[in-house]
Structures are given as structure tokens and as C-alpha cells.
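Sequence lines, in order, name chains A and B.
Each residue of the first sequence is one higher than the one before, counting from 2 in the working numbering.
Each residue of the second sequence is one higher than the one before, counting from 7 in the working numbering.
To be clear, the hints were calculated from the coordinates, so they are not data collected in a lab.
Any given hint might turn out to be false.
Simulated pairs of lysine-lysine, BS3-like, Cα-Cα distance not exceeding 30 Å [unchecked claim]:
no., chain 1, residue 1, chain 2, residue 2
1, B, K31, A, K281
2, A, K366, B, K89
3, B, K288, B, K275
4, B, K163, B, K144
5, A, K298, B, K89
Pulled a few chain A residues facing chain B out of the computed Cβ check, cut under 8 Å [as the list claims (entries may be wrong)]:
no., residue
6, S277
7, L295
8, I428
Covered stretches of chain B, as calculated for chain A (at least 3 residues, CB under 8 Å) [stated by the list, open to error]:
no., segment
9, 8–18
10, 129–141
11, 164–173
12, 186–200
Since this is a predicted model, take the numbers as computed values, not measurements.
Built from N, CA and C at the ideal position, the CB exists for glycine as well.
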Amino acid sequence: MAENSELNRHVDDVLRAVGNKAGRDEIEKELENYLNKKVPVEVAKQGIVKKYGGNIRELMVCVQKTLEELKPGEKNVDILCRIVSVNERKVSVNNQEKTIFYGILGDQTGTKPFTAWDDFNIDKNDVIMIRNAYTNEYQGIIQVNLGKGASVTKESQDRVPSVEYKGTIKRGNVADFREGLKNISADVKIISVQERKINVKGVEKKIYPGVLGDETGKARFTAWHDFGLKENDTIKIIGGYIKINRGRPELNFDEKARVEKIEKEINVTDRKMSISELTKIGGGFGIVIDGVILDVKNGSGLIFRCPECKRSLQKGVCVVHGKVEGVPDLRTKAVVDDGTGALSILFGREITEKILGKNIEECKKAAQEKMSTDTIAEELTDKLLTRNMEVNGYTLKDDYGITLIASDAEFLKKNAKEEAEKMLEEIL
Amino acid sequence: MRETAWRVFAEEFNNATYEIKGGEKQASYVVTPLGAKISRLFIVGVLTEKETVGENMLRARISDPTGVFTVYAGQYQPLAAQKLTEIKPPAFVAVIGKSKTYSPEEDVVYTSVRPEIVKEVDADVRDVWVVETCRHMKRRIEAISEALKMNPPTIEKLTSLGFNRNLTEGVMLAVENYGNVDVEKYSEMLIEALRYLLPGSEEIETLPQKQEVITEEKKETEDEKKIVEMIEALDTGKGASWEKILEMAEENGMDKDRVEEAVNSLMDKGIVYEPILGRLKKI
Numbered sequence: 002m003a004e005n006s007e008l009n010r011h012v013d014d015v016l017r018a019v020g021n022k023a024g025r026d027e028i029e030k031e032l033e034n035y036l037n038k039k040v041p042v043e044v045a046k047q048g049i050v051k052k053y054g055g056n057i058r059e060l061m062v063c064v065q066k067t068l069e070e071l072k073p074g075e076k077n078v079d080i081l082c083r084i085v086s087v088n089e090r091k092v093s094v095n096n097q098e099k100t101i102f103y104g105i106l107g108d109q110t111g112t113k114p115f116t117a118w119d120d121f122n123i124d125k126n127d128v129i130m131i132r133n134a135y136t137n138e139y140q141g142i143i144q145v146n147l148g149k150g151a152s153v154t155k156e157s158q159d160r161v162p163s164v165e166y167k168g169t170i171k172r173g174n175v176a177d178f179r180e181g182l183k184n185i186s187a188d189v190k191i192i193s194v195q196e197r198k199i200n201v202k203g204v205e206k207k208i209y210p211g212v213l214g215d216e217t218g219k220a221r222f223t224a225w226h227d228f229g230l231k232e233n234d235t236i237k238i239i240g241g242y243i244k245i246n247r248g249r250p251e252l253n254f255d256e257k258a259r260v261e262k263i264e265k266e267i268n269v270t271d272r273k274m275s276i277s278e279l280t281k282i283g284g285g286f287g288i289v290i291d292g293v294i295l296d297v298k299n300g301s302g303l304i305f306r307c308p309e310c311k312r313s314l315q316k317g318v319c320v321v322h323g324k325v326e327g328v329p330d331l332r333t334k335a336v337v338d339d340g341t342g343a344l345s346i347l348f349g350r351e352i353t354e355k356i357l358g359k360n361i362e363e364c365k366k367a368a369q370e371k372m373s374t375d376t377i378a379e380e381l382t383d384k385l386l387t388r389n390m391e392v393n394g395y396t397l398k399d400d401y402g403i404t405l406i407a408s409d410a411e412f413l414k415k416n417a418k419e420e421a422e423k424m425l426e427e428i429l
Numbered sequence: 007m008r009e010t011a012w013r014v015f016a017e018e019f020n021n022a023t024y025e026i027k028g029g030e031k032q033a034s035y036v037v038t039p040l041g042a043k044i045s046r047l048f049i050v051g052v053l054t055e056k057e058t059v060g061e062n063m064l065r066a067r068i069s070d071p072t073g074v075f076t077v078y079a080g081q082y083q084p085l086a087a088q089k090l091t092e093i094k095p096p097a098f099v100a101v102i103g104k105s106k107t108y109s110p111e112e113d114v115v116y117t118s119v120r121p122e123i124v125k126e127v128d129a130d131v132r133d134v135w136v137v138e139t140c141r142h143m144k145r146r147i148e149a150i151s152e153a154l155k156m157n158p159p160t161i162e163k164l165t166s167l168g169f170n171r172n173l174t175e176g177v178m179l180a181v182e183n184y185g186n187v188d189v190e191k192y193s194e195m196l197i198e199a200l201r202y203l204l205p206g207s208e209e210i211e212t213l214p215q216k217q218e219v220i221t222e223e224k225k226e227t228e229d230e231k232k233i234v235e236m237i238e239a240l241d242t243g244k245g246a247s248w249e250k251i252l253e254m255a256e257e258n259g260m261d262k263d264r265v266e267e268a269v270n271s272l273m274d275k276g277i278v279y280e281p282i283l284g285r286l287k288k289i
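Input sequences plus hints: build the corresponding full structure.
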């Protein structure tokens, strides 16, 4: 039986290549004749195609694959599958209107989108054998194409079970997270996770926000379902989607997603990037920027905050709570520029103390002596302007642009001579 | 969005002749032949001289390994102007400022910098700036070389090669307005600037043959090249005065005889001329 279907397949191949120049029985007889004389089957097929004046190229060896096995850029693949959905679209090719068909193919291993560039007379739920298809990749998703050389035969329904369409899963690293991405599969490590109660239309619901990461970077996430996530778990998330939160792409996944524990070493790293890259993405978490401080803004240095709302006071007055007894704090608002872009950065008290080399008490004393907080701002400006820094943190985006909230910042000591030598070697 | 502070050497900046005039709320841009589209720039060099021009305007010259920036600070830049007044040349200074152009007649464009921030710095800051500026210039050379290979170049094609949007826009404008940019000239400038950072002359001598061939082709001695640079630096339109050239040359360790010899040779070669007695101008 198996042998017989194998023979049938070869007959199909030859028939396709000779077109309507010969009948099935005739070809079958021819092929048996060749094979009885111990001619290798591929040679036999070529001989028959030539004999009937067919096109040898149509005979190219096709490999049958499952949808999951498909890679981008494959040619001559055969696929046994079910039509999950099919739609028509009119397109213009060389100024001529043409109808193409597109939709989703499915089998036991998954689903893939397809485009048929001709009418192969296919309907939803048909089980078909596609021969001589090719694949390409569009936005990271593999697509099946049925071009001129392809053929489709209907098969019995029991050959492919019914397929549930879950969308096309796209593998992604954290660095690939972008606005609008859906159906992401990602292998990640949970860096931290919390439990939070929220109210959804009057119903209390638990959600699980946190931070995850992989070799390419870190991102915040929200799990809308209790997957029992714990710190340091390495997991595969299938069916996540990206939401933008204040400019940052964040991974969300709910009860429709699949979460599996995996055995895999994942070394989570922060993501070093240029400011132009960061601006293009819109923001991120665990970002490292290497640039020069080109401005230190007003409102840097020793400030006083409202004890109620933590807003910084303007001349002892809070915009919301009026005149209050201010709580002293240190901060730095600056601009970092790496030549590809400029970015606002914010250093909190700890980093500002580190830059100044003195703590908040010493700053208060210095300001009292000089009768002005300006002295701290001036000192900060003097220490920071034109200096190279590596700044680590997460971003917030608002109407004024992106601000990097620093979790750490270091002065960078660069060896100009060494770098010049290296660059010269590259050029010469 | 804050404008990026471009890292660009004086020579590339001064070679720019194309400006996009902004409106009331739009920035103006000076586009260099390599495609730096500059509204703001960050420069570090040696403050070599300063003088008051007109009313309340301070003109300062800042030299880098390739040439000299002209900086104008007026009443609208009080902090920067005050800083410039305080700093005594020669001194390492950093300037963050806006690009400006001045065109006294058609086809003549002078670029200058209007400072927002001025700071006295040390040699380390300057050296790091030079190497960073080389890195950015190298990237521009790569981008414009790719663009010149394309027919026609497009932003999309350049972006697909990994050049960022900022740069690809500038490169497109450069190709449009300067045509076939002399990339080779800038590659040489880049190498010169990098060598500037290397200590002593031994390193320079151990550099491969290629470099020597280039200098031979130019047929200018080191002295002559320096003099040409000085003339360009000192020239504010009417040519550079002989006294100033001599003064600068002596600061750079050249005596009067050497200067005379170099200048005569440059005039013979038709590289510089004397528009009026006692003043020299590059042709």
C-alpha cells in the first residue's frame, strides 16, 4: 500500500510535468516499465517527461514538510494541510487586475499564512495536498506561496484533523518587542514578579506584573492570569502580545497564552543601544546609554519637596498644597547626547550624591553657608558638563519626549589613543 | 524633540555651503558635504584667539586637528559670552551651540557657531572628542560612499544598510546639493585626525606605505600644509595678514625663514595668492 501511494506520487509528478499530453494509465505503465528495468526513479521520470515533450523543470524534487518544519526561502515543498481560512483579494499586477487568494493553512503542527497567486479552487475546510509551493518571510512570519508551478489536489477529510487557529506564532527576543506585535513566543527569565489586585468593571482581579529578560534585554510584563510565576523561573511564553506603556514596549499575556517551564540557561543582560535606536523604539527597560552630558537643567541639585505629594516646591510653595515645610532631596535633570540623538535623563538622590561626592546633609550645609542652593547646582554642572557617562535605566515618554530614569550612572574613562589606534588599523 | 549635537571637525563644517533655513518654530540646518545635518553641534578644541567685533559681539576661534571654528557670542548668549571673556587663550574649550551661516555675496558661505554653553576643559576631554568625532565622521563617510554607489540613492535603501534616519536624511541632502562629494579628501582628513592623537612621530613612520603615497601626490610639504591651514584659519574674507600667519607659525615652532620658503612655494604652485599687499588667500 505504502509502495503504491509512493508510485502514485511519482505518477502525479510526471503528469504535472507533461500536462495533458498523456493519460494517467499510460504514464503509470511507462513508469512501471522503466522501474522493472531497474532504472532509478528520478531518471525514469525525467525520461518519460522528455518523451512526452513535458517540462523537466516541473519535475523538481519536492520534499513534503509539515507547517512547523517550513523555513523561509524554501522552494519545491509539498504540504498536506487543511484550509483554515481563505479570502479573495484583487490586486494589480503590471496594470492588470488579478484575483489572488490568501488565508491560513493548518496541520497537526500549527498554522501558517498562505497566498495563492492563481485560482486553485480551494474552500475553507478542504484538506489538500499542495505540491511545489515556496516560502518567504514577511515581518518575521513564514508565508506559504502557491505560484505558477504549484498544484493542489483534494484529499480525504480524515488525513488532517480539524485545526484550531491560534494565530501565527512569532518567535521574538526581548530586543524585538515592538508596538502592535501579537502572538509572540519568547523564552525568558523572570527577574521579578509581584501580585497586584485591580478592579475590572467592579470585579476584583489579580494580575502579576514584573520584569523579565533574555540575552537581548529586559522588559516589564503583566500576566493577566496566575501562571504561578516565580523569580528566576525560565519559561517559554506562547501567545503574548505587546502593549506600549509610556513609550515602552511591554509583554502581556493572559489565560489564552501558554506558559511552560523550560530548562535553559538564560543570561539576562541590559541592552546597550544608541539614542537614535532608543528614540525609534520609543523606550525600554534595562537600557544602557553611552553619551556625553551636554546640559544640566534648572531644577537640578538641592531641591525641596512637598511632604504630601512629593512635588518639588517653587520658592517654598507646592502647586497643589500651597506653602508647606519642604523635605530636602537631591536630583539631576540633564541632557545626554551620543551624536546620534539627545535624551533627557534624571538622576535621583543616590546617583546625584555619588556625582557630587557628598551626601545630602553635606549639601544642605554647603547651601546654608552660601545662603543659596545654586552652589550645589553649579557644582553639579561643573562635574557633569562634557563628561562621558554610561547611564543605565528605564524610560518614560510624554509630550516633551523621552526621559531616561537612571538606576545607575558611571563616568566613563575612555582611552582616546587606544581607540584611535584601533580605528586606524581598521581603516588602513 | 531636542536637536542632536553633531560631532564634526572644523574643516567639514567650514566646507558646508548648503543651509536649510528654518521658520519661527523650525530649526535651521547646515548640511555638510558628508551629510551631517547640523542644527546643534558639540565641539572641543583650542581657543586660539578672541576679539570684539561690532557692538557687544565676541568672535572666538577654536582650532581642532583639521581647521578652525569661528564662534560668535553676542548679547543673546550672555552666559556663553561671559565664559568666553573669562577664558584666556590658548585653552581647551568645549562649545555646545547652534550652526549659523553668513553669506556676504553669492556663492560665498561662511559657517559659524553660536554658543549655548561654553566650558573650559582639559586635554582628555579634547582627545575623547577627537576620537568620537572621527567615529562619527567615519560613519558619514561610509554612508555617503554607499549613497554615491546607488542610482538613485533613497532613504529606505540607506536605512536598510543600518544608517540611522538622522544621518540618511543628511546624506540624501548632501548628495543632492554637493553632487559627487570628494570622499577621498575626507578619508585622508580622518586618518590625519586619528594620527593627531598618537604620541610622537615614530608611530607615524611605522604607518603603511599607503599614507606616504598620498602625501607625495599632494606635493605639499608638511610646512606648506600647515601654512595653508593657518591662512584658511585666519582668513575672515579679506585674506590672512602676513603678521598673523607669522605669529601663528612661530607658535607652532616654525621660524620666519621656513614660513617664507613655504609661502613662496605655495604661491609658485598656485595654491595661495596675495589679493592685497601683506595679505594671503587660498585659491
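Hints, verified against the model:
Using a Cα cut-off of 30 Å, the hinted pair B/K31 and A/K281 holds, with the two alpha carbons roughly 23 Å apart. For the hint linking A/K366 to B/K89, the alpha-carbon distance of about 28 Å falls within 30 Å, and the restraint holds. Taken as a hint, the B/K288 and B/K275 pair is honoured in the structure, with Cα atoms around 11 Å apart against an allowance of 30 Å. This hinted pair checks out: B/K163 and B/K144 have alpha carbons roughly 19 Å apart, not beyond 30 Å.
Of the supplied pair hints, the one linking A/K298 and B/K89 holds, its CA atoms being roughly 18 Å apart against a limit of 30 Å. About 4 Å separates the beta-carbon of A/S277 from the nearest beta-carbon of chain B, less than 8 Å, and the hint is met. Checking A/L295 against chain B by beta carbon gives a least distance of about 5 Å; that is within 8 Å, so the hint holds. Interface restraint check for A/I428: the shortest CB-CB distance to chain B comes to about 6 Å, inside 8 Å, so the restraint holds.
Taking a C-beta to C-beta cut-off of 8 Å, the segment 8–18 of chain B contributes 6 residues in contact with chain A, enough for the three needed, and the coverage statement holds. A count of 9 residues in the segment 129–141 of chain B with a Cβ less than 8 Å from any Cβ of chain A is obtained; the coverage claim is therefore met, three being the minimum. Note: the segment 164–173 of chain B has 4 residues with beta-carbon separation from chain A under 8 Å; the three-residue rule is met and the coverage holds. For the segment 186–200 of chain B, the stated coverage by chain A holds: 4 residues have a C-beta nearer than 8 Å to a C-beta of that chain, and at least 3 were required.
Violated hints for the displayed structure: none, as all numbered hints are satisfied.
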